[in-house]
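Those protein sequences? They're chains A and B, same order as listed.
Heads up, the first sequence is in the numbering used here, so the first residue is 120 and it goes up one at a time.
Heads up, the second sequence is in the numbering used here, so the first residue is 120 and it goes up one at a time.
Mixed in with the good hints there might be a few duds.
Remember, identical chains collapse to one label, so a pair may be satisfied in a single copy or spanning two.
To be verified - No more than 16 Å apart at the CA atoms, straight line, and that leaves these computed lysine to aspartate or glutamate pairs for EDC-like:
| id | residue 1 | residue 2 |
| --- | --- | --- |
| 1 | Lys337 | Asp244 |
| 2 | Lys359 | Asp287 |
| 3 | Lys215 | Asp368 |
| 4 | Lys152 | Asp244 |
| 5 | Lys211 | Asp263 |
| 6 | Lys309 | Asp244 |
| 7 | Lys187 | Glu177 |
| 8 | Lys350 | Asp199 |
| 9 | Lys168 | Glu224 |
| 10 | Lys184 | Glu209 |
| 11 | Lys198 | Glu124 |
| 12 | Lys154 | Glu124 |
| 13 | Lys309 | Asp217 |
| 14 | Lys152 | Asp217 |
To be clear, the hints were calculated from the coordinates, so they are not data collected in a lab.
Every value quoted in this text rests on a predicted model; they were computed, and no experiment measured them.
Number of protein chains: 2
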Amino acid sequence: MPTPEISVIGISGIPEIRPGADLAGLIAMSAKKQKLQISSEDILVVTQKIVSKAEGQEVKLADVKPSKFATDYAKQWNKDPRQVEVVLRESKRIVKMDIGVMITETHHGFICANSGVDMSNASKDGVAMLLPKDPDASARNIRDGITRATRSSPAVIISDTFGRPWRDGQTNIAIGIAGMDAMVDYRGQKDTRGAELKVTLIAAVDELASAAELVMGKTIGVPVALIRGYKYKSGPGTYKTLLYRPEVDLFR
Amino acid sequence: MPTPEISVIGISGIPEIRPGADLAGLIAMSAKKQKLQISSEDILVVTQKIVSKAEGQEVKLADVKPSKFATDYAKQWNKDPRQVEVVLRESKRIVKMDIGVMITETHHGFICANSGVDMSNASKDGVAMLLPKDPDASARNIRDGITRATRSSPAVIISDTFGRPWRDGQTNIAIGIAGMDAMVDYRGQKDTRGAELKVTLIAAVDELASAAELVMGKTIGVPVALIRGYKYKSGPGTYKTLLYRPEVDLFR
Chain A
120 MPTPEISVIG
130 ISGIPEIRPG
140 ADLAGLIAMS
150 AKKQKLQISS
160 EDILVVTQKI
170 VSKAEGQEVK
180 LADVKPSKFA
190 TDYAKQWNKD
200 PRQVEVVLRE
210 SKRIVKMDIG
220 VMITETHHGF
230 ICANSGVDMS
240 NASKDGVAML
250 LPKDPDASAR
260 NIRDGITRAT
270 RSSPAVIISD
280 TFGRPWRDGQ
290 TNIAIGIAGM
300 DAMVDYRGQK
310 DTRGAELKVT
320 LIAAVDELAS
330 AAELVMGKTI
340 GVPVALIRGY
350 KYKSGPGTYK
360 TLLYRPEVDL
370 FR
Chain B
120 MPTPEISVIG
130 ISGIPEIRPG
140 ADLAGLIAMS
150 AKKQKLQISS
160 EDILVVTQKI
170 VSKAEGQEVK
180 LADVKPSKFA
190 TDYAKQWNKD
200 PRQVEVVLRE
210 SKRIVKMDIG
220 VMITETHHGF
230 ICANSGVDMS
240 NASKDGVAML
250 LPKDPDASAR
260 NIRDGITRAT
270 RSSPAVIISD
280 TFGRPWRDGQ
290 TNIAIGIAGM
300 DAMVDYRGQK
310 DTRGAELKVT
320 LIAAVDELAS
330 AAELVMGKTI
340 GVPVALIRGY
350 KYKSGPGTYK
360 TLLYRPEVDL
370 FR
C-alpha cells in the first residue's frame, strides 16, 4: 500500500480585502506568485474573515440602535449594547445566555458564541464583522472564480474558529462548502479484522479546516491554505450536513 | 515571508497490537521501513485504539456483572446490560442519558459518548476497549520509547474520535499529550492591522489530531501519523489543559 501523505500549504501575499474584492482572483494570483499550481484534486480553505470582508458583511456600530433587552443585558455584563444588539439580530435562538456569554443559533443554524460575530475590530474601526449570509454560496463563488482563473476546480471550504462545549480552546471548522461531501460515511463498513467500526460518520471538512488553521495561524497573514493529497469525495456539498438534527439533539 | 507548509504522513505496516506490545519500537520500525526519519521537530499522532490494546485496556464482557440500574436501562433501550455497566464504571458523572445515548464524564474528565468505550469488537470478540488509564503517561511512554529507538524526541499526541454537541459528525481530538503545549495562546496579541484578535486560545493538539485523521482513515490500517513542519511549543503538555473548567461551563 502506498503511504498516504497530505500537504497543507499556506497561501500568503493576499492584500487587505475590501468590500467587492475579487477574492478568487486574488487567491489565484497569490498562489501563482508562490509557484503553486492549483489542481482540481486540491482543497482550498479560506478563512471567513476575508470572505465576510469581500462580501461587505459588516455593520457600523454607530448605526445600530440597541433594543431595551440588549441595553439591559449589556449593562448587566458591562458590554457595548450595540454589540449585543448585533449578536441578537444575527441569531434565531438563544441557546444559553449566562455569565456574560451568549451562545446562539445563527440564522444558518450554527450554534456558537456571539452568533459568530467578530468584534475584534470594533474598538479600532467601530465595525462588527458578520458571518457570510450564505457561506455555501460564498464557497461556490470562490470555486467558480478559481475555475475561471486557473481552469481547475478545487473543492472550497470557508472556515471559522469556534469554541465547543466541555472542551477548552477553539478549533477551525467548516462553515461553507463547495465541490465536496462534508462527511466521510463508514456506516456498514468493517475494520481490517472484520469488526464493526466504532466511528461511522467523520466530519472531514471540519478536520480539513483544522489542518488548514495549523498553517494559517492568527497573526501571520495567511488567510488561505491549499490542501493536497487528500482524496475527497466530489459532490455539491453543504454546511447543512453538519447541522445537528433537533430530533436527536440531547442538548437543546 | 517563507510559505508555511505542513506534511501529514501516514505510518503503515504496524502489526496487530497485543497487550504488552512495545508500541514505540513498532512505530519506529515501521517508520524506518518507510524511510521516514523521525526528528524532534516532528509530532507523532497515535490512535487510541492501538494504545489501549498495547496497555491491555480491555474488559471481557463475560466477566461483567451488570448492576440493576444498568440492567433496567439496557432493557429500556434494547442494549447489552454488560456494555452499559462498563460505560457506567468508566464514568464519574452522567451528563445526559436520553434516547438510548449516554453522554458521560470519564474519570479523566473527558465528556463524550459512552465514556469513550469502544464496543466495535464486542459482538466479534466479546470485549469492550477502554480509554488508556492515563493518556498523558501513555504519550510520554511512547515518546520515551521513540527517543530510545531513534535518539529523536518528537511530540506525541494520543488521538481519539469524538462527537460534539450541536454539530453532526465526529472528529479526531487529542486525549493524551507529551512534549508540547496543548494550546496556542494569542491573548494580548494583535492582528496585522493592530486590531485585537477574535480568537485567543487555539486547541492546537486537537487540530493536529484532526489533521492526522485525514491520513489515518478508519479502515486502511494507518494507526499512526507523523506531522512535519508545524512549529510546536515545547513543554510537558497534558490533556488537562483541554478540560473545561466547571466554573465557566455553561452546559453542566
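Each hint tested on the structure:
no. : hint            : verdict
1   : Lys337 x Asp244 : neither (19 Å within a copy, 47 Å between copies)
2   : Lys359 x Asp287 : between (25 Å within a copy, 10 Å between copies)
3   : Lys215 x Asp368 : both (15 Å within a copy, 11 Å between copies)
4   : Lys152 x Asp244 : neither (31 Å within a copy, 56 Å between copies)
5   : Lys211 x Asp263 : neither (30 Å within a copy, 51 Å between copies)
6   : Lys309 x Asp244 : between (54 Å within a copy, 14 Å between copies)
7   : Lys187 x Glu177 : neither (23 Å within a copy, 57 Å between copies)
8   : Lys350 x Asp199 : neither (46 Å within a copy, 37 Å between copies)
9   : Lys168 x Glu224 : neither (19 Å within a copy, 35 Å between copies)
10  : Lys184 x Glu209 : within (14 Å within a copy, 51 Å between copies)
11  : Lys198 x Glu124 : neither (47 Å within a copy, 40 Å between copies)
12  : Lys154 x Glu124 : between (21 Å within a copy, 14 Å between copies)
13  : Lys309 x Asp217 : neither (44 Å within a copy, 27 Å between copies)
14  : Lys152 x Asp217 : neither (48 Å within a copy, 54 Å between copies)
The structure fails to meet hints 1, 4, 5, 7, 8, 9, 11, 13 and 14 from the earlier list, while all remaining hints are met.
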